[in-house]
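There are 2 protein chains.
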Amino acid sequence: MSFETIAWQDEGVVMIDQTRLPLEEVYVTCRNAEEVARAIRTMVIRGAPAIGVAAAMGVALGMKRQLDEVGEAGLSDRFEAVCRLLAATRPTAVNLFWALDRMRQVWSQANGRGLPAAEAVKLLVAAAVKIREQDIETNRRLGALGAAVVPEKARVLTHCNAGALACAGYGTALGVIRAAHEQGKIREVLADETRPLLQGARLTAWELQRDQIPVTLITDNMAAHFIAAGAVDLVVVGADRIAANGDTANKIGTLGVAIIAREFQVPFYVAAPCSTIDFSLANGGEIPIEERDREEVVAIRGQVVAPAEVAVYNPAFDVTPAAFITGIITEKGIFKPEELLPRLCRN
Amino acid sequence: MSFETIAWQDEGVVMIDQTRLPLEEVYVTCRNAEEVARAIRTMVIRGAPAIGVAAAMGVALGMKRQLDEVGEAGLSDRFEAVCRLLAATRPTAVNLFWALDRMRQVWSQANGRGLPAAEAVKLLVAAAVKIREQDIETNRRLGALGAAVVPEKARVLTHCNAGALACAGYGTALGVIRAAHEQGKIREVLADETRPLLQGARLTAWELQRDQIPVTLITDNMAAHFIAAGAVDLVVVGADRIAANGDTANKIGTLGVAIIAREFQVPFYVAAPCSTIDFSLANGGEIPIEERDREEVVAIRGQVVAPAEVAVYNPAFDVTPAAFITGIITEKGIFKPEELLPRLCRN
Chain C
832 MSFETIAWQD EGVVMIDQTR LPLEEVYVTC RNAEEVARAI RTMVIRGAPA IGVAAAMGVA
892 LGMKRQLDEV GEAGLSDRFE AVCRLLAATR PTAVNLFWAL DRMRQVWSQA NGRGLPAAEA
952 VKLLVAAAVK IREQDIETNR RLGALGAAVV PEKARVLTHC NAGALACAGY GTALGVIRAA
1012 HEQGKIREVL ADETRPLLQG ARLTAWELQR DQIPVTLITD NMAAHFIAAG AVDLVVVGAD
1072 RIAANGDTAN KIGTLGVAII AREFQVPFYV AAPCSTIDFS LANGGEIPIE ERDREEVVAI
1132 RGQVVAPAEV AVYNPAFDVT PAAFITGIIT EKGIFKPEEL LPRLCRN
Chain Z
832 MSFETIAWQD EGVVMIDQTR LPLEEVYVTC RNAEEVARAI RTMVIRGAPA IGVAAAMGVA
892 LGMKRQLDEV GEAGLSDRFE AVCRLLAATR PTAVNLFWAL DRMRQVWSQA NGRGLPAAEA
952 VKLLVAAAVK IREQDIETNR RLGALGAAVV PEKARVLTHC NAGALACAGY GTALGVIRAA
1012 HEQGKIREVL ADETRPLLQG ARLTAWELQR DQIPVTLITD NMAAHFIAAG AVDLVVVGAD
1072 RIAANGDTAN KIGTLGVAII AREFQVPFYV AAPCSTIDFS LANGGEIPIE ERDREEVVAI
1132 RGQVVAPAEV AVYNPAFDVT PAAFITGIIT EKGIFKPEEL LPRLCRN
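Here the protein sequences come in this chain order: C and Z. Residues 832 to 1178 (this note's numbering) are what the first sequence spells out, left to right. Residues 832 to 1178 (this note's numbering) are what the second sequence spells out, left to right.
Read the hints as simulated data drawn from the structure, not as lab findings. Only true hints are included.
A few chain C residues facing chain Z, derived, Cβ under 7 Å:
(1) Ile1131
(2) Val1136
(3) Ala1142
Only part of the chain Z face toward chain C is listed, based on derived beta-carbon distances under 8 Å:
(4) Arg1026
(5) Ala1032
(6) Arg1033
(7) Asn1052
(8) Ala1055
(9) His1056
(10) Leu1086
(11) Ile1090
(12) Glu1094
(13) Val1135
(14) Val1143
(15) Asp1149
The C-beta atom is built at its ideal place from N, Cα and C for all residues, glycine as well.
Work out the full structure: start from the sequences and follow the hints.
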């Protein structure tokens, strides 16, 4: 891999600007928590695991800056405000809230041990860096496990970008594809372009080309045509939040692909780290779905494609009921949706 | 309706330029058959019934110009060349070939009666103008019939543009919606944007707004989300070619909507004139599917949205098997797919 999605550096949190790919490969440096929050909101960085890493780094960076500005004295009071800032960026991906909880634990343990604030901030930085490293390890593990369900000479369809760009690296759905490719199993990846923000066209096609994995781009509405024609052996997508019963929120359009795949008996897998599972929600109906700006639908890269003032719906995610999901590929194994709660909660 | 899709005028065939809607309302005049053929190929005019009208007018215009240029003597030899030119524009919509056959009949009858070539050309013009008028009448009739299947306060989803712009006027799928709207039955139309060429965003949204029919634009991949949520009471789409068994070729993406609609028991109707039915084909597998240029997928209104050189598939149509179709709304009645051949061929 010749790019880094997100990295901690002395001057701040460095991210590849995903709004400008594939035309430009530009890295931006967020120098405080506000800039990290804006990068998440405007989708400079996106993808549930990557948002989690960014939020953790945002907390560490925010507290580092607070330490510089206000000193050790008032620091503890600022912690929750920094977390709230980052929590308010995007509602659906649970990895963001999971990462903030991890950072809260680090902070309160450090405070509980009576460490000086400067030491506690160092622990926050170390924790954020570790979340990033663990994410890559997790993806390599789930990719290796997931490769087992990919048949030889597979034609695999994916939606949106659950790739290295959506994570600290390697990817979830694309991690499975990468691992299967390393085993010589991938004949072709069909990448849905994924309107409105075209993460499939802009990001999935770009990162698979980089890795010389054969990829063909299609519009979202072509998936049924190719699945019906027998041109797809397997579907694998990522997830933004998985409820306890296996219902899965993922990028808008995932539900349609899942319904079509089942109609033609094509296996449909979700690939995600366990941090994407929200056991506090009984089912997908409880997952908050972000509604984004109408401009994303009526204009594409600044080109207006619809009449002015037309009404628009723009839900960023949909929920695929567990019944449509063949299996959920995690770093701890591949589970049927109904096995998640009993098997993972008893670990 | 405050616009005309296509009209015969002294100087040539005048069309609203559908590639420039909704940003500009520009009319172009095709002054010979070559210009009509180019307008069809480049989708200045599109939609199966509109293509049929354009092809008929293209033949009339072509022969009128030939008469001016070569005189009466060599005229008969030119007829088939003009037909071939127009037949080679687009392969899927059968209305084009149906219209050319009608023009051939007119020509051979005129020749059979020994009419002077100038008189025969006048008959071609009259026939083309009549095909246009009949198309509007046909749509009003099928619209009125189709409105009966639309429930009160209906939320109707449509894909692509099977509207006044796709026909000489009034529309097929949008004809049903217009007639239902005149009866006060339409609560909301959900318009799929219809990538790659965005006929839903650019054309359907535009013409429904013109008629003050409430329309909300969504990306294609949102259809499943809204159908699953119970926000759609009925789907109605047009058709480019219907095989004898009811299998229906229509704009790419139609198949996916049909599969999703059936999953949630939402009625899925095809609205088309009988001229769209090709009884010479036993089933949809025999319908030729046009593959269009990759540029339509990788760039949107000139804005590149994918990596250079990425492989692309771009089938312009898909085939929805009859099993997914609740009914086919024609000017001669509403038929179950399996009733088409027995009931219409015995008329």
